[in-house]
Amino acid sequence: MMFKFANPNKFVKISELLFPYFNILFLISFIYGLYLSFFNSPPDYLQGETVRIMYIHVPCAWFSLMLYSSIAICSFFSLVFRHTLADIAIRAIAPLGASFTIATLITGSIWGKPTWGTWWVWDARLTSELVLLFLYVGIISLSNAFEQKSKGDKYAAILSLVGIVNLPIIKWSVDWWNTLHQPASISKFSSPSIDTIMLVPLFVMTLSFLFLSLNIIIIRIKSEIIQRKIDILNSSKIN
Amino acid sequence: MHYFLKFLETTDHVPYVLSSYFVVFVILIIISVNSFKRLKKLENEIVNLTKNEKKK
Amino acid sequence: MKINMIPLIKREIKLSISNLGLVISYSSFFLLSLLIFTFGVGPDIKQLNTVYIPIIWIIMLFAIILISDNFLLSDFQDGSLKELQYLGYSEESIILSKTIVMYLILIIPHFFLIPVFSIFYDISFNNLVQLSLDIVVGMPSLILISLIASLLTIQIKRNKVLQFIIIMPFYVPIIIFTTSNNESILYSSFDLNKILILIGFFLITLPITLLIGKLILNEINK
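Protein chains in written order, with the working numbering: chain L, 1 to 239; chain S, 1 to 56; chain C, 1 to 222.
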């Protein structure tokens, strides 16, 4: 089944079916998320109104990590099973992941000023997120550095697999180093330490970001597939 | 509505919250528009290429 | 598949000895960079005494990245990398032999450079011994990571700075631990934990480099 959906043309057909639904779901969840963030969420007893930044900063952070994991999974499929769609997916996902990482760093910095009194601090979580941005930049630069697209794809896949080592460091750095950043409030193994009234807008905004990401990834993969078709047509013309 | 009105009253935190939402929206709009424009451009290009191939 | 690496290591040593200018370039780059940093930080020896560790490690990092190309580029350009694989040597043994020889060649200048550091930065004997051991144990990890960067960018003719962009994030954990200031510097005592952590990093980077190197060499030779 995995190999069936790895066919680029099949992917385009499925994505064209799903795209309008993702659009609708994104709009609904985004508007509802904004409503919950501003109208239904009380201020925090310590941070005050700046807690509303959490509803946009935390989903960006989650997606910056999640998209890198998906790049690593695609890299595995690209190197082991030689799926062309996996190579294309890496090219499509990397710029989006980098955008989310930049958004995380900027919103984190804006959140830090009123909360901690400083725009930036070199603690483990912030530093690891910055390192993740450079990993994304490295993958994007390396994939575009070669004239032959296939070579760029393979080397970018190899680099992203090496970089996956960085992800556990980001996740557990808050526990390893006792620093300024707030410890993880949401964990799989224990009940979250934030109230439901704040958890619901957070998850709704995360859902809206998920549908938006899926839409952007679908558009970018389609572009990449068409670009490759154009390259084939142009090279057959030259021959 | 009560929470939103109270939020607007706290003048020192409003710029931080609104600027962070603005930054995220701008970044996501840039990447969405950029991706969509590129797709449209490539779709037109491949339609023109296939038309030229058929003419030949 | 030939597992015997001795002929490979002998070959690498012969090539490196014929190119001893590399060692002189490495040492000169190191000393000149120390000079630049000293001009940047200031002449106060007490201040320099507190920052010498990060300065030395960062210069070493840049020097190793710059030098690592020389150990791979000529072999790639004249087809020796392909030829060695056709002769039956595994990709892992090729990379391991290059790592070993690069380490042996680059550790030699440090025997002369380390006493120079002690004079420039007024380092106590115990701290000097700690620094020397850190360099001996920590350098293999730096070399292994730099080899990955060189292999990834060996076919790129323009934009060699990409090597730095790709590989800098992977140096972060090693730099954090090698430059961690702790009580051992204040009390001039020996810090075994740091050495063990650096050995741990070497044991992590070694299999990763060999695996990644094998993948890259297979791609290069397609």
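Please note that a few of the clues may not be correct.
[Unchecked claim] Taking lysine-lysine pairs in the DSS-like style, the calculated list, with each CA pair at most 27 Å apart, reads:
hint, chain 1, residue 1, chain 2, residue 2
1, S, Lys51, S, Lys37
2, S, Lys51, L, Lys10
3, S, Lys40, S, Lys55
4, S, Lys6, L, Lys149
5, C, Lys157, C, Lys214
6, L, Lys237, L, Lys149
7, L, Lys237, L, Lys151
8, S, Lys41, L, Lys10
9, L, Lys151, C, Lys10
10, L, Lys229, S, Lys40
11, C, Lys10, C, Lys82
12, S, Lys37, L, Lys229
13, S, Lys54, S, Lys37
14, C, Lys82, L, Lys149
Please keep in mind that the hints were generated in silico from the structure rather than gathered at the bench.
Numbers of the earlier hints that this structure fails to satisfy, in rising order: 4 and 9
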